[in-house]
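Just so you know, the sequences run in chain order A and B. Heads up: the first sequence at position 191 corresponds to 729 in the working numbering, and the numbers run straight through without jumps. Heads up: the second sequence at position 100 corresponds to 638 in the working numbering, and the numbers run straight through without jumps.
Please note that the accuracy of each hint is not assured.
One copy or any two copies: either way a pair holds, since identical chains are not told apart in the list.
[Claimed, not checked] EDC-like mimics (lysine to aspartate or glutamate), calculated; alpha carbons at most 16 Å apart, straight line: (1) Lys742 x Glu704; (2) Lys774 x Glu808; (3) Lys697 x Glu800; (4) Lys667 x Asp600.
The hints are simulated quantities; they were obtained by calculation from the structure and are not laboratory data.
2 protein chains.
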Amino acid sequence: MSAQPAVGFIGLGIMGLPMARNLLRAGYPVCALNRSPGRVATLVAEGATTAASPAALAAISDVVLTMLPDTPDVETVVLGVDGVAAGIRPGAVFIDMSTIDPALSRRLADQLRAAGIPALDAPVSGGEKGAIEATLSIMVGGDEAAFERILPILQALGKNITRVGEAGAGQIAKACNQLIVAVTIEAVAEALALASASGVDPAKVRAALLGGFAQSRILEVHGERMLNASYAPGFKAKLHKKDLDIVIAAEHDAHLRLPAAELLRERMTELAERSPDTDHSALRTLLAPVTA
Amino acid sequence: MSAQPAVGFIGLGIMGLPMARNLLRAGYPVCALNRSPGRVATLVAEGATTAASPAALAAISDVVLTMLPDTPDVETVVLGVDGVAAGIRPGAVFIDMSTIDPALSRRLADQLRAAGIPALDAPVSGGEKGAIEATLSIMVGGDEAAFERILPILQALGKNITRVGEAGAGQIAKACNQLIVAVTIEAVAEALALASASGVDPAKVRAALLGGFAQSRILEVHGERMLNASYAPGFKAKLHKKDLDIVIAAEHDAHLRLPAAELLRERMTELAERSPDTDHSALRTLLAPVTA
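Next up, chain A with everything else stripped away, as it sits in the complex (with noise of 0.2 Å):
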């Protein structure tokens, strides 16, 4: 291992790309690898290197981190043909930061375990704007040693860094908040349509409820956009709705019946179909007075 420990980095989207830019700049070497090599060549621009295959990038690397964008991604690119499985070495440690179902991320932990690598899932919070200037929220499920380890390469992406507990665990967390999240995005948006359909300033009912228990992040962030109907993204719906997808098979998994988890994955999902680029809090724009 040299002085920086060689980060092998797949998934380049618009998270993925500023993370592995934070690292180059945080002096670790990168390796870097991208569905579309297009972003590839900007990032061996600025420093980085590239391989032939996850099962390439992973043979040369110390930590082996993927940011991809739905389950099946990552199970592709890990446990497929000249997947990082393939390639990973003894002592190097594997961290998915993808925001996927948590029974992959246990089955992942379990099979890297056996071959004595150690896997974290670390999915992240606070969008495009925390990836660039390296504040994301990162939720961590994991052997603890190896948290402890490649806890300097997380300080280079984000802030608040939690363990949360043993693999999995990360990835529940993130379900919680996406959870949250959503529901609480809805009761704000009923109560502002209940306000404007009954013909008071929805405005002026938000600025009353903010000092007391009806107080969020999401009245003050996304009850303003819904005041302005500025719904350009911020998160996209259709991104929203595949995690809730991931809250509604946690749900399962856990012999669970969650009534507003439910409620919200079909309502995200009726929006996500009609809009699918538009920002969550336009779940808004579902609410309006039936005329009879």
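Based on these hints, arrange chain B on the given structure of chain A.
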């Protein structure tokens, strides 16, 4: 009118008694009425007077204030035989601080306006503690000049006092508040249930989420209650159920469909039937893994 306007105060419940006491302490002459006379005697011992009926009380008051449990109580006390409307004098102001159906607030305002009496709806939040400490949030609907005139009285009862709009607007704001609070409690309850049932420490999840978009007063205060299973009220489930009935009445009047509000009315009704006097955060207890 004397130096301090004479206040007629009807309804000396958990909220009303300390509120009337605060008016006495602020130097207002208070004439008090209550269904059960024991509480009137308490206040008379502290300097209040009493009257034979709401009409008789109204006839000697510059401001008539009601703080009653529910919509039908307000209707009876104001419009019933020997009610406030039968005695209140031109130039007086009527203030209803109960949480009731906005439709009745508007109807009372219309009827009293026809008799030359401005009526304000001024429901509160902040609970018994806020009533005792005179730190209630007060959401006001109705005539602006009357509001300015009686503002010193409200300032003897609360801190965050907002005139939201015309008659009924205070009740709409309160309904919005109770809607958001109920739905947010459910959101937090479902998230913490998901963490627990998935084998993840809900206290760590709550801590990890408090810094981000999932933050709310409910996650702070009621999330803590859920972690400790400490459900002594606080705010009783049966009262929040009543308030959600008002939300649903307002929803229908506004020709809206508010699915999360409807869901929470169902959930809170279920909780109130099981445990009417438990804190509303005991919604968490309705969520448990189904063992097949």
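Inset, instruction - State whether the alpha carbon distance between lysine 667 and aspartate 600 is at most 16 Å within one copy, between copies, both, or neither. - result: Answer is neither: 27 Å inside a copy and 57 Å across each miss the 16 Å cutoff.
Inset, instruction - Indicate which option fits the pair lysine 774, glutamate 808 if close means a Cα-Cα distance not exceeding 16 Å: within, between, both or neither. - result: within (13 Å within a copy, 35 Å between copies)
Legend entry - 16 Å Cα threshold - placement of glutamate 800 relative to lysine 697: Neither, since 31 Å and 38 Å both go past 16 Å.
Inset, instruction - Tell me, please, which holds for lysine 742 and glutamate 704 at an alpha-carbon limit of 16 Å: within, between, both or neither? - result: Between. Shortest inter-copy distance 12 Å satisfies the 16 Å Cα cut-off; intra-copy 45 Å does not.
Checked against the numbered hints above, the structure breaks hints 3, 4 and satisfies the rest.
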